[in-house]
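Chains as they are written, first to last, in our numbering: chain A, 32 to 289; chain B, 32 to 289.
The hints are simulated quantities; they were obtained by calculation from the structure and are not laboratory data. Mixed in with the good hints there might be a few duds.
Intra- or inter-copy, both count: the list cannot distinguish identical chains.
Calculated pairs, SDA-like style, for lysine to any residue (alpha carbon to alpha carbon, straight line, at most 25 Å) [claimed, not checked]:
| # | residue 1 | residue 2 |
| --- | --- | --- |
| 1 | K125 | T92 |
| 2 | K47 | Q169 |
| 3 | K47 | K88 |
| 4 | K125 | D162 |
| 5 | K88 | H265 |
| 6 | K259 | S205 |
| 7 | K144 | R237 |
| 8 | K125 | S145 |
| 9 | K136 | R89 |
| 10 | K36 | T222 |
| 11 | K136 | D40 |
| 12 | K125 | K219 |
| 13 | K236 | D122 |
Protein chains: 2
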Amino acid sequence: MNTPKELEDFIQNGYKTYIPHVCIDCAIFGYHDHRLKILLRQIEGLHGLCLPGGYIKRVETLDDAAKRIVEEITSITGLYLQQYKTFGDPDRIKWNELDLEELSKQAPFKKIKSSWLRDQTISIGYYAITDFSSAIPQPGILSESCEWYDIDKIPSLLFDHDQMVNEALQTLRSQLYYHPIVEKLLPKKFTLTEIHAVYETILGKRLDLRNFPKKLVFMGLINRLPEKRNIGPHRAPYLYTFNKKKYSRALELGVTLS
Amino acid sequence: MNTPKELEDFIQNGYKTYIPHVCIDCAIFGYHDHRLKILLRQIEGLHGLCLPGGYIKRVETLDDAAKRIVEEITSITGLYLQQYKTFGDPDRIKWNELDLEELSKQAPFKKIKSSWLRDQTISIGYYAITDFSSAIPQPGILSESCEWYDIDKIPSLLFDHDQMVNEALQTLRSQLYYHPIVEKLLPKKFTLTEIHAVYETILGKRLDLRNFPKKLVFMGLINRLPEKRNIGPHRAPYLYTFNKKKYSRALELGVTLS
């Protein structure tokens, strides 16, 4: 879909390959060393930033479509993408903001105003979190740019993507205690200081440095190993590991009470 | 949509009012006195049972559509409907099971095979729970029947609705500790025996009668009142009430650790 001809064909005939009226948008968060970011793209021909997103092929499952869309747009692979909510307010796409009049003056976009892309569209939200220091985005199809932005410095986004980001972040936060979401953000064996930083950064608030990790141990979500990490003279904190069995039980049965 | 003419018009022109390719299906659970049920309907002209569902009007939000669909089909109002997952496997609708050949012999369904209804459709799942003893369904539009079925006696359902029910039940269970879902299933002031029965029935497993309610108190999700209920000689258990503040905090910040 990179040549003008392919783009023109997508605008005119895409509905034969993709399901119209439904798309997928992905809030991909990135964590590293006390910082939380999100991946945003600029779509070719449109002004403003939005989440990576696209349409679902008629032969795909939703999860497969989300995975393909992220890979095509960002080149990032291996994410644990999770569906979190579907967005369908009638006014979620602000057509006047998009300036299709101007866009349709460019050859491949000539027929965009009367195309299947111009109709009402419901978006299925997916989210994921990864280590942004090792996940380097490369702008793919239909993208002029694709970059990590600090979570507290993102500009106002296109469509209803401000709301999509907020609700994805809220879901991420609420699932921190029963989804092994943060597993990939830490080494296999980690210190309490490291896991404390992850939770504090994602939750966006201070957590007691002594008591908080103790609670994770108490809940059985992490286990202390009989080894320490030597990080300096007189400094050798114990190492911990995730208790995957406990997490998957919490996931299935509802938190820790059952 | 009850007269054959209205039905014919819906089949031929419904896409002008409703968004094609997307529908909403609702898993409505019912609890009363140790029993868990689910609401199932039979669609006019089709063999087999399925969840109440329908299409989204182009002017509606998804939540408003879910509410209207449930009211139109079941006549039950005032449910707290929550979106839980969107289903879009390419083979989720088993067209051969539906026997459209036979159906299209009936006058109003004549054009169904070439209509917008025959195309690939993604379904947004909603769920709710209510007290089935006071929520009496009346079959509404397009429904030959609409009734409560015991959760452990439901037959194999049409489309992918077996999966939709299973995932709705799993969501309901996993949210029991941070959503005040069960609030409407109990009187405002309830005994520990009563709340124990609700949790045990919904989770589908035995919970310790002495320890389980203590944990709810310990988590701060319910509070003991300074009153008792007289239910017999020497039997006057304390009454409890939900701590709504704690629930909404858990909902916002992630369970009870924060």
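Exercise for review: Give the relationship of K88 and H265 under a CA distance limit of 25 Å: within one copy only, between copies only, both, or neither.
Suggested key: neither (58 Å within a copy, 67 Å between copies)
Exercise for review: Measure nothing new, just compare the shortest in-copy and cross-copy C-alpha distances for K47 and K88 to 25 Å and report within, between, both or neither.
Suggested key: both (9 Å within a copy, 23 Å between copies)
**Study point:** Homo-oligomer pair classification [Q169, K47; C-alpha up to 25 Å]
**Key:** neither (28 Å within a copy, 40 Å between copies)
**Study point:** Intra/inter-copy verdict for K259 and S205 if alpha-carbon distance must be at most 25 Å
**Key:** neither (31 Å within a copy, 35 Å between copies)
Exercise for review: Go through the copies and call it for K236 and D122: within, between, both or neither, with a Cα cutoff of 25 Å.
Suggested key: neither (33 Å within a copy, 44 Å between copies)
Exercise for review: Can you give me the call for K125 and S145, within, between, both or neither, at a CA distance of at most 25 Å?
Suggested key: This pair counts as within: shortest intra-copy Cα distance 16 Å, inter-copy 33 Å.
Review point. For K136 vs D40, is the C-alpha pair at or below 25 Å within one copy, between two copies, both, or neither?
Key: within (16 Å within a copy, 39 Å between copies)
Practice item. Using 25 Å as the alpha carbon limit, work out where K125 and D162 are close: within a copy, between copies, both or neither. Key: Classified as neither; 32 Å inside a copy, 41 Å across copies.
Exercise for review: With 25 Å as the alpha-carbon cut-off, assign the pair K136 and R89 to within, between, both or neither.
Suggested key: neither (30 Å within a copy, 29 Å between copies)
Check your understanding: With identical chains treated as interchangeable, where does the CA-CA distance between K125 and K219 reach 25 Å or less: within a copy, between copies, both, or neither?
Key -> Classified as neither: same-chain Cα gap 44 Å, cross-chain 44 Å, threshold 25 Å.
Exercise for review: State whether the alpha carbon distance between K144 and R237 is at most 25 Å within one copy, between copies, both, or neither.
Suggested key: neither (49 Å within a copy, 59 Å between copies)
Exercise for review: First find the shortest C-alpha distance between K125 and T92 inside one copy, then the shortest across copies, and answer within, between, both or neither for a cut-off of 25 Å.
Suggested key: Classified as between: cross-chain Cα gap 15 Å, same-chain 28 Å, threshold 25 Å.
Hint violations for this structure: numbers 2, 4, 5, 6, 7, 9, 10, 12, 13, all remaining hints satisfied.
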